[in-house]
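Peer 1: Here is what each chain is made of, one letter per residue.
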Amino acid sequence: DIQMTQSPSTLSASVGGRVTITCRASQSFTRWLAWYQQKPGKAPKLLIYQASELESGVPSRFSGSGSGTEFTLTISSLQPDDFATYYCLQYNSDSWTFGQGTKVEIK
Amino acid sequence: QVQLVQSGAEVKKPGASVKVSCKASGYTFTDYYIHWVRQAPGQGLEWMGRVHPNTGGTRSAQKFQGRLTMTWDTSISTVYMEVSRLTSDDTAVYFCARGKWQQLVLAYWGQGTLLTVSS
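So the sequences go chain by chain: Z and B. Note that this note's numbering has the first sequence beginning at 1, numbered continuously upward. Note that this note's numbering has the second sequence beginning at 1, numbered continuously upward.
Incorrect hints may have been included.
Claimed, not checked - Below, a list of computed lysine-lysine pairs in the DSS-like style, where the Cα atoms sit at most 25 angstroms apart: (1) Z:K103 <-> Z:K42; (2) Z:K39 <-> B:K13; (3) B:K13 <-> B:K63; (4) B:K19 <-> Z:K42; (5) Z:K107 <-> Z:K42; (6) B:K12 <-> B:K63; (7) B:K12 <-> Z:K42; (8) Z:K103 <-> Z:K45; (9) Z:K39 <-> Z:K107; (10) Z:K42 <-> B:K100; (11) Z:K103 <-> Z:K39; (12) B:K13 <-> B:K100; (13) B:K13 <-> Z:K45; (14) B:K63 <-> B:K19; (15) Z:K45 <-> B:K23; (16) Z:K39 <-> B:K100; (17) Z:K42 <-> B:K23; (18) Z:K107 <-> Z:K45; (19) B:K23 <-> B:K12.
No lab work stands behind these hints: they were computed from the structure.
Go ahead and model the full structure; you've got the sequences and the hints to work with.
Peer 2: Listed below in structure tokens is the structure:
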């Protein structure tokens, strides 16, 4: 199975700041990676798929990049609604795996 | 609109089994895989497996193989997930989810079902 190592596990940032979250894969693959946002008590919300495709309705301050073994989610200007936990998901292999999650807190 | 509605919270004893349902609406039930994802209290998301209600194809994560059974009833557009030999480590919220149109990635989610395993 492909293991996904997500970092950092927690980060503190200010409103308006730039945030970068990374997922590293144990095996190389091209683009079957997604990013989700989750708030307490809610189901995850899809932000990015195929590594860099923005889901419909998601603000353009969210972007994704990467291929191979390193993938990145960037929030260009953090907004109050963005404080949440973020997960990557690889769906390249037959057995899918999530990263461990990154909690974005208010600085 | 696509909706996935799950059954209610469950409390089970260690060693028992639990069966959670996920009723789909708003699309052709047999066209998409249904996946199961769980989240233990304060922990991250864990992909468990998937089932296709048309082909019958299933795949489970290695740690659940032999303990996870996914079935479906096309007549009522419902998928079921059964986990056997429960332990306290199975205490979690269980989500069903479906892929996006023409994409594999999970875009539609049920509301979650809390399973508590306690003696």
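Peer 1: All hints are to be evaluated individually against the structure, with a verdict given for each.
Peer 2: Structure-based check of all given hints:
| no. | hint | in the structure |
| --- | --- | --- |
| 1 | Z:K103 <-> Z:K42 | holds (15 angstroms) |
| 2 | Z:K39 <-> B:K13 | violated (29 angstroms) |
| 3 | B:K13 <-> B:K63 | holds (20 angstroms) |
| 4 | B:K19 <-> Z:K42 | holds (21 angstroms) |
| 5 | Z:K107 <-> Z:K42 | holds (23 angstroms) |
| 6 | B:K12 <-> B:K63 | holds (20 angstroms) |
| 7 | B:K12 <-> Z:K42 | holds (23 angstroms) |
| 8 | Z:K103 <-> Z:K45 | holds (15 angstroms) |
| 9 | Z:K39 <-> Z:K107 | holds (18 angstroms) |
| 10 | Z:K42 <-> B:K100 | holds (19 angstroms) |
| 11 | Z:K103 <-> Z:K39 | holds (10 angstroms) |
| 12 | B:K13 <-> B:K100 | violated (36 angstroms) |
| 13 | B:K13 <-> Z:K45 | violated (32 angstroms) |
| 14 | B:K63 <-> B:K19 | holds (18 angstroms) |
| 15 | Z:K45 <-> B:K23 | holds (20 angstroms) |
| 16 | Z:K39 <-> B:K100 | holds (21 angstroms) |
| 17 | Z:K42 <-> B:K23 | holds (18 angstroms) |
| 18 | Z:K107 <-> Z:K45 | holds (23 angstroms) |
| 19 | B:K23 <-> B:K12 | holds (22 angstroms) |
Comparing the model with each earlier hint shows violations of hints 2, 12 and 13; every other hint is respected.
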